[in-house]
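As a plain string of letters, each chain reads:
Number of protein chains: 2
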Amino acid sequence: MRIGIIGAGAIGLLFAAYLHQAGHQLTLFTRTISQARKLESLGCQIQLSSGEHLSFHPRALATDGEGQLTLEDIDLLLITVKQSSLATVIKWLKQHLPDHVPLVCLMNGLGHESLFADQLPNPVYYGITASGATKLGPTHVVEKGKGITRIGHLDQQENVDNGLAQLIASLEKTGLTITLSADIESDMWKKAVINACINPLTALFKVANGQLVTCGHLHQLMYQLYMELVPLVEKVKQGKAQKILNNGRLWQEIEDVCRNTSENISSMLADIQRNQQTEIEALTGYFLRMAKSYHLHLPSHQFIYHAIGFLEQRGEE
Amino acid sequence: MRIGIIGAGAIGLLFAAYLHQAGHQLTLFTRTISQARKLESLGCQIQLSSGEHLSFHPRALATDGEGQLTLEDIDLLLITVKQSSLATVIKWLKQHLPDHVPLVCLMNGLGHESLFADQLPNPVYYGITASGATKLGPTHVVEKGKGITRIGHLDQQENVDNGLAQLIASLEKTGLTITLSADIESDMWKKAVINACINPLTALFKVANGQLVTCGHLHQLMYQLYMELVPLVEKVKQGKAQKILNNGRLWQEIEDVCRNTSENISSMLADIQRNQQTEIEALTGYFLRMAKSYHLHLPSHQFIYHAIGFLEQRGEE
Numbered sequence: 000m001r002i003g004i005i006g007a008g009a010i011g012l013l014f015a016a017y018l019h020q021a022g023h024q025l026t027l028f029t030r031t032i033s034q035a036r037k038l039e040s041l042g043c044q045i046q047l048s049s050g051e052h053l054s055f056h057p058r059a060l061a062t063d064g065e066g067q068l069t070l071e072d073i074d075l076l077l078i079t080v081k082q083s084s085l086a087t088v089i090k091w092l093k094q095h096l097p098d099h100v101p102l103v104c105l106m107n108g109l110g111h112e113s114l115f116a117d118q119l120p121n122p123v124y125y126g127i128t129a130s131g132a133t134k135l136g137p138t139h140v141v142e143k144g145k146g147i148t149r150i151g152h153l154d155q156q157e158n159v160d161n162g163l164a165q166l167i168a169s170l171e172k173t174g175l176t177i178t179l180s181a182d183i184e185s186d187m188w189k190k191a192v193i194n195a196c197i198n199p200l201t202a203l204f205k206v207a208n209g210q211l212v213t214c215g216h217l218h219q220l221m222y223q224l225y226m227e228l229v230p231l232v233e234k235v236k237q238g239k240a241q242k243i244l245n246n247g248r249l250w251q252e253i254e255d256v257c258r259n260t261s262e263n264i265s266s267m268l269a270d271i272q273r274n275q276q277t278e279i280e281a282l283t284g285y286f287l288r289m290a291k292s293y294h295l296h297l298p299s300h301q302f303i304y305h306a307i308g309f310l311e312q313r314g315e316e
Numbered sequence: 000m001r002i003g004i005i006g007a008g009a010i011g012l013l014f015a016a017y018l019h020q021a022g023h024q025l026t027l028f029t030r031t032i033s034q035a036r037k038l039e040s041l042g043c044q045i046q047l048s049s050g051e052h053l054s055f056h057p058r059a060l061a062t063d064g065e066g067q068l069t070l071e072d073i074d075l076l077l078i079t080v081k082q083s084s085l086a087t088v089i090k091w092l093k094q095h096l097p098d099h100v101p102l103v104c105l106m107n108g109l110g111h112e113s114l115f116a117d118q119l120p121n122p123v124y125y126g127i128t129a130s131g132a133t134k135l136g137p138t139h140v141v142e143k144g145k146g147i148t149r150i151g152h153l154d155q156q157e158n159v160d161n162g163l164a165q166l167i168a169s170l171e172k173t174g175l176t177i178t179l180s181a182d183i184e185s186d187m188w189k190k191a192v193i194n195a196c197i198n199p200l201t202a203l204f205k206v207a208n209g210q211l212v213t214c215g216h217l218h219q220l221m222y223q224l225y226m227e228l229v230p231l232v233e234k235v236k237q238g239k240a241q242k243i244l245n246n247g248r249l250w251q252e253i254e255d256v257c258r259n260t261s262e263n264i265s266s267m268l269a270d271i272q273r274n275q276q277t278e279i280e281a282l283t284g285y286f287l288r289m290a291k292s293y294h295l296h297l298p299s300h301q302f303i304y305h306a307i308g309f310l311e312q313r314g315e316e
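The listed protein sequences correspond, in order, to chains A and B.
First residue of the first sequence: 0, per numbering that gives the first Met the number 0; consecutive thereafter.
First residue of the second sequence: 0, per numbering that gives the first Met the number 0; consecutive thereafter.
Hints listed in this document are in silico derivations from the structure and should not be mistaken for laboratory results.
Every value quoted in this text rests on a predicted model; they were computed, and no experiment measured them.
Yeah, the Cβ is synthetic: ideal placement off N, Cα and C, and Gly gets one too.
Errors might be hidden in some of the hints.
[Unchecked claim] Simulated restraints on C-beta separations: (1) B:Asn121 x A:Arg288: 49 to 59 Å; (2) B:Arg273 x A:Gly144: 50 to 60 Å; (3) B:Ile147 x A:Asn259: 53 to 63 Å; (4) A:Asn259 x B:Gln94: 29 to 39 Å; (5) B:Ile147 x A:His294: 43 to 53 Å.
This is chain A alone, in the form it adopts within the complex:
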């Protein structure tokens, strides 16, 4: 397949490596020309968790100032940008993407679903991945543990109708574990709850994920964050709440994630360490806006929202 990837971050480059290895024709879309040139001249260096090193030179184009770009020759576009770049990306897609090209959005947080559905005529699939990766430099990524990637359409009927299974089958041969999600919306909510409990805490206290279960104080804080989200999920998602909360076992799942990724640096901590904008708006910020419209109060999330806001504003010392 001819696959485009927009967003050359850790997950974007990791997926590029697997897709390239499986023989797909790749085009990476970066924001600036200099990033695109760097990817083409230096290539990508990916260290897989198997120990294997992949190195390849992808075709790379900049969304900013590459003249007349056409996305006609693409069968599928994978979106791995940050939520903060989303408005710019959607504006660009409206101009350059033919209506028939399907999109797979592999993004953290919530809130982007409605943006895509409202503004683009294309078939849009959403994905969440449990794969982890850390970017060491503009072209250098280390895989941190392999995990399942789930993809689905928000309209569950569409999953059956439109050949998503076939699309997934062709991606499965890559070495990535990709499965069809029968209810991607619930999966996205669940992942957002998990991330909203883990990521901001690791960023505020500059700890790896495992410390949230081994240190009593941090464990308590994570539980406080979790407990505030339970009534929100129950009120906002109603019929799907018990599925999202895994019938009360989501808390144990969150603890398991911390244990299974104990040495990992969350993406939010990595952003803070690199003085980059975090995804707090798409996680904690989204839940706070939801809570407000449902007249619920999430004081601990409000606290950590401003705490991360302060760290972003100040920059790392």
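Start from chain A and add chain B according to the hints.
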């Protein structure tokens, strides 16, 4: 007067300097013999906010292992220890302090009032001071702004009866501004509310006091902490609540404290920076225990309580 001071921290040494300068006979009581020897051999060096440098060699005794100490020759004992040493200090006072010697407790936070009243027969006065001081070394203190010190008895009738005014008059000649408080309990509560809003935030984010009003995110967090304490004060202190909350103007007072001490490092931040135990238990911890017994919920205070607990446990990096 023959004045003893137990606790050779920043405030203890600052008061010692003023009292020494005014001609009072001082004895400093330290925890360890080595501290006492250091104070006697090196003397105290105090840099006043007037620019003046005071240097003096106080008599210093250790509460730990100085053999048979007697406090018979003392007219007044000033207590400037941390809340965390209080149990040990009271036990020691029970053994060594004659019943007639009056105590003035100049301590941060709340909770110690009942300990003294329950366990010692002595007349006990409580004080709060708006004077600030930073300890640069075991015998070296810098005064950071002069403020009023208020002293009073918890039983307001006692203030009138027992010659406290005379005691205060003799301390007033020292250059310290000391006044009699007609309601020291409300004054202590008010100061504890102010400190619980300012100190833990400065310690968590490693900022001087002024940043809590100049940075929007921190200002919001401070307001969140304040707003949670309002219903607690109203429920616990009832008749005195409006006095403590200054009829709704306490929030403006807190902002003023931040502005007036904008360059100051709070005692809690100083403790965190020196890897010392903070006074979180006597401030936030006290309010949380109160809230629990009144079935109130203070989520932001609970959050910052565990945040500071984590920083104490980890130590500074």
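Going down the list of hints, with the structure as the test:
1. With their beta carbons about 57 Å apart, Asn121 (chain B) and Arg288 (chain A) fall inside the hinted range of 49 to 59 Å.
2. Separation of Arg273 (chain B) from Gly144 (chain A) is about 39 Å and departs from the stated range, judged on CB atoms against 50 to 60 Å.
3. Remark: the range hint 53 to 63 Å for Ile147 (chain B) to Asn259 (chain A) is upheld by a beta-carbon distance near 57 Å.
4. Roughly 55 Å separates the CB atoms of Asn259 (chain A) and Gln94 (chain B), a value that falls outside the hinted 29 to 39 Å.
5. Range check, Ile147 (chain B) to His294 (chain A): Cβ separation about 44 Å, and the 43 to 53 Å hint holds.
Checked against the numbered hints given earlier, this structure breaks hints 2, 4; the rest are met.
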